[in-house]
Amino acid sequence: MTPKSERKKYKVIGTRPIRHDGADKVTGRAVYGADLRLAGIVHGKILRSPHAHAKVKSIDTSAAEKHPGVLAVVTRADMPNLKNKIADLGEGSVNLAHLGANVLAHDKVLYKGHAVAALAAVNPHVAEEALKLIKVDYEVLPSVTWVMDAMQDDAPLLHNDVFTKSMGKRASKPSNVPTHIHFEKGNIEEGFQAADVIVEREFKTASVHQGYIEPHVSTALWNQDGHVTVWTSTQGAFTARAQTAELLQIPVSQVTVVPCEIGGGFGGKIAVYLEPVAALLSRKCGRPVKMVMTREDVFEGTGPTPGSFMRVKLGATKDGKLVAGEAWLAYDAGAFPGGVIGPGAMCVFSCYELPHAKVDGYDVLDNKPKTQAYRAPGATQAAFACETVIDELAEKLKIDPLEFRLKNAAKEGTRRVDGPVYPRVGLVETLEAAKNSPHWKSKLEGKHRGRGIASGYWFNIGLKSSVAANVNNDGTVSLIEGSTDIGGTRTSIAMQFAETLGITAEAVHPRVGDTDSVGYTDVTGGSRTTFATGLAAHEVALDIQRQMRERAAILWECEASQVQVEDGAYCHKDKKLTFAELAGQLGHTGGPVVGRATVSPEGASNGFGTHLVDVEVDPDTAKVTILRYTAIQDAGRAIHPSYVEGQMQGGAVQGIGWALNEEYVYSDQGRMENASYLDYRMPTALDVPAIETIIVEVPNPAHPYGVRGVGETPIVAPPAAIANAIYAATGVRMTELPMSPPRLWAAMSTGKKS
Amino acid sequence: MVRKTHVATTINGEPVEFLCEARQSLLEVLRETLGLTGSKEGCNNGNCGACTVLLDGQPVDSCLVLAVEVEGAQITTIEGLSKDSRLHPIQQCFLEDAALQCGICTPGFIMSAKALLDRDPNPSEHAIRFQLAGNLCRCTGYDKIIRAVQDSAKRMAGQNK
Amino acid sequence: MVYIPSQWRDLTGAVDRLELPGRNLREISRALEARFPGIAERLVEGDAIAAGLAASIDGAIASRGMYSPVGPTSEVHFLPAIGGG
Ligand code: FES
Ligand code: FES
Chain C
0 MTPKSERKKY KVIGTRPIRH DGADKVTGRA VYGADLRLAG IVHGKILRSP
50 HAHAKVKSID TSAAEKHPGV LAVVTRADMP NLKNKIADLG EGSVNLAHLG
100 ANVLAHDKVL YKGHAVAALA AVNPHVAEEA LKLIKVDYEV LPSVTWVMDA
150 MQDDAPLLHN DVFTKSMGKR ASKPSNVPTH IHFEKGNIEE GFQAADVIVE
200 REFKTASVHQ GYIEPHVSTA LWNQDGHVTV WTSTQGAFTA RAQTAELLQI
250 PVSQVTVVPC EIGGGFGGKI AVYLEPVAAL LSRKCGRPVK MVMTREDVFE
300 GTGPTPGSFM RVKLGATKDG KLVAGEAWLA YDAGAFPGGV IGPGAMCVFS
350 CYELPHAKVD GYDVLDNKPK TQAYRAPGAT QAAFACETVI DELAEKLKID
400 PLEFRLKNAA KEGTRRVDGP VYPRVGLVET LEAAKNSPHW KSKLEGKHRG
450 RGIASGYWFN IGLKSSVAAN VNNDGTVSLI EGSTDIGGTR TSIAMQFAET
500 LGITAEAVHP RVGDTDSVGY TDVTGGSRTT FATGLAAHEV ALDIQRQMRE
550 RAAILWECEA SQVQVEDGAY CHKDKKLTFA ELAGQLGHTG GPVVGRATVS
600 PEGASNGFGT HLVDVEVDPD TAKVTILRYT AIQDAGRAIH PSYVEGQMQG
650 GAVQGIGWAL NEEYVYSDQG RMENASYLDY RMPTALDVPA IETIIVEVPN
700 PAHPYGVRGV GETPIVAPPA AIANAIYAAT GVRMTELPMS PPRLWAAMST
750 GKKS
Chain L
0 MVRKTHVATT INGEPVEFLC EARQSLLEVL RETLGLTGSK EGCNNGNCGA
50 CTVLLDGQPV DSCLVLAVEV EGAQITTIEG LSKDSRLHPI QQCFLEDAAL
100 QCGICTPGFI MSAKALLDRD PNPSEHAIRF QLAGNLCRCT GYDKIIRAVQ
150 DSAKRMAGQN K
Chain R
0 MVYIPSQWRD LTGAVDRLEL PGRNLREISR ALEARFPGIA ERLVEGDAIA
50 AGLAASIDGA IASRGMYSPV GPTSEVHFLP AIGGG
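Residue numbers (numbering that gives the first Met the number 0), protein chains in the order written: chain C, 0 to 753; chain L, 0 to 160; chain R, 0 to 84.
No lab work stands behind these hints, which were simulated from the structure alone.
A hint or two may mislead.
If you want a taste of the chain L side facing chain C, the calculated C-beta under 8 Å gives, among others [stated by the list, open to error]:
#1 A97
#2 Y141
#3 I145
Note that the structure is a prediction, hence the values are computed from the model and not measured.
A virtual CB, placed ideally from N, CA and C, is assigned to each residue, including glycine.
Starting from the given sequences, assemble the full structure and let the hints guide the process.
What follows is the structure, encoded as structure tokens:
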């Protein structure tokens, strides 16, 4: 933990001001994507495939076009031909042909819910009626929705132009495996020979959805002058602009993306779905077109996270030192290449010091929606496997599972299995905090109860951010940033700016700019916003401070270098002006002061967490009740502790849902059978207890305030921690997610004790 | 053209009249016809609670109520909660306790919490969790929402003394 | 020190790491290609690091593509690119 003295040197950081957009959000005034109202607006709807895999032989839209109230209809024929063009979208690159074919299917539909055609009408009801008039002639093909089936040689092939790539090396035969990743460290055979105890297990996880409460929504206006404006719910306005422009094959300068307030994303609101379609419809009918997905559309047509099959083998010596680890991971990517196997493979052993290791990872195509990132993409599945095996290994060695983790924890200087060496990181500190926590020290009594522990890791990325600021003459500053605010980042960014400049958080008025009013900024994702955009805000504050010293120097007829800044006030000899006083004099010392900064920080900031959970398992129904839950995480530095805790609590509860309930249930025909909140069943307030939090602060050496980013790590540990607790309660090792009552009951009744 | 029905009702204390089609939900009319977009749509089938309003004091999912049904009713929406430029204590506590992240679920939670506290000014944590189980939040893990409702109860009790 | 990903060792004859001259990734990739023809085709696309790959220099993901500076004692790894949620 941070020593008290260090904490005291901050005035704003570490406090809990009310968020700047708060009043708008509790009064219903904040404008989310669906709340947008424009004159002449019309409503678009999408026709989706009823089949998991089929050739689209023909589409007849003539009847729909004639339907009263219908203003425009579009199909693949209205999309530019995109061939196999790769576009750089800032956060990674994308094959445009695939992105385009996901937005509106080309010659094949690849999953149930795949968009086939779209139309715009005077109201959503008429649009829905008219969809039924579009006739699509399908030739149904065999489908596959389980990752291991899709890897078989005789599996239905989704694309005949996808070839396995292994670090850039391309295979010669088309396959459902677009990517194979392989890492090796040390000598795996030697490693396992040195082990006294070896545990090897296989794991399966089902696809789950990000589950944001706000469905995807976009409105587009293709103006008569050719300019396209898109109002949308997105994690990244610039990424949405790049994708929209590329798919429509128009210059980015012809597209403005206005990010509306966003009702949750978790990785699922980065890829575009509706934006280009709404734009095409608007071009045809000359009016703004609003498209809102139904909840069913969201489940069936947007990104779940991969289902997976994993094998993990770990070996340790008698005295509890890990010596070797091997992992084999297959994650499904859904209908198009580019799942999250990369980070999955890089993360599987990221919590441990392993001298010898080997990891194989496969990205696998199957007839599901194209998977998208979901909070620490790829890490949760891998941690479920690794952390369960770690627990079993500790048990076999008769070592306390927390001590076993401490003994082998990755730390500064540990070489990761994928190569790089960790700088200062805080896993050990989270484990020590766990050990000292009231939860760990408490006794868990009662039948059918058990306690579990697991650790988790996410990289936390850097990427590009821009911030600009204008000083007002009353001493406040308006701050314009490019990061969309999903969870209070306006405030965490403004607080860093205020700290650096020596003003209050309330004196900063943060705003999220559209793509024409702020510099390029990558998505709000990767736990990067408070870290990278916060870094940019800090640099803007320094820029403004430099200019304010120059202004003070004009007033005092001295050199700018002679002006000192103390506690936010500007001083020279016995003269002193507060920031606000000086701001009031800008008009006659040279005019407005405007600051700006762009950053592109290198380096992951490495977020580690450790979670503790107590469960009770009903012996008759196998329902798992969470009795107590504690999330511990190294935040580097908690800018606004309430929102850091909120991220930890929210991630933990998403992880609880993933562990116990949530899954895409598929029929034999490859159709999702539970595409509603009622049947998908995310956790409610009644399903979870209070989530206790312990914030550990091991400052990130690559950030002026030590920020590491916090959003993603908290989802990683829960499934493993709960599986370990279930084992402690029942003696049954669960190797499949979700650990829903039917599955756990089956395992308990076959008496599968290990 | 579908025939429309005339409905007279009271929303946030003000008499309101509107025309609607039989198939339109109260949520759709609030948002699209009357411009009261504070009530949110997360599922349109009664599973998420984002559209919660008070209908004659009772919390309802407005996506499940037909607009034609509200003839003569008293409706309170999130827009009607703050009085005289002051936030309602529940709204204030949601802010102070950081009980929202993305905020899309917030209006629904606040309305459900209001219905609960109007009926039971001093609910147990379990009663709060039970009452709010019809509202989904994907961001917060509920913890801070529960604290905010507990703090609201205390603050409202203080004000009523 | 440049680390060779295991999946490129078919080209490097099992060499898993080596010292190479170069002040930035472009020079490193040229030196790699000169020693082990075929690597550039996997690593480079046009003027950029190939889609789906990233370079880590001294533990940090390089943000300036082929222009990313490499010091005389730097450690360079080639990895799958990652994003986030
Ligand atoms: S929108 Fe009414 S309950 Fe979800
Ligand atoms: S705050 Fe985002 S759903 Fe509740």
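Hints and how they fare:
With a cut of 8 Å, the hint placing L/A97 at the interface with chain C holds, because the nearest CB-to-CB distance is about 4 Å. A distance limit of 8 Å between C-beta atoms decides the matter here; for L/Y141 the minimum to chain C is near 4 Å, and the interface restraint holds. For L/I145, the interface hint holds, the least distance from its beta-carbon to any beta-carbon of chain C being 7 Å, beneath 8 Å.
Taken one by one, the earlier hints all hold for this structure without exception.
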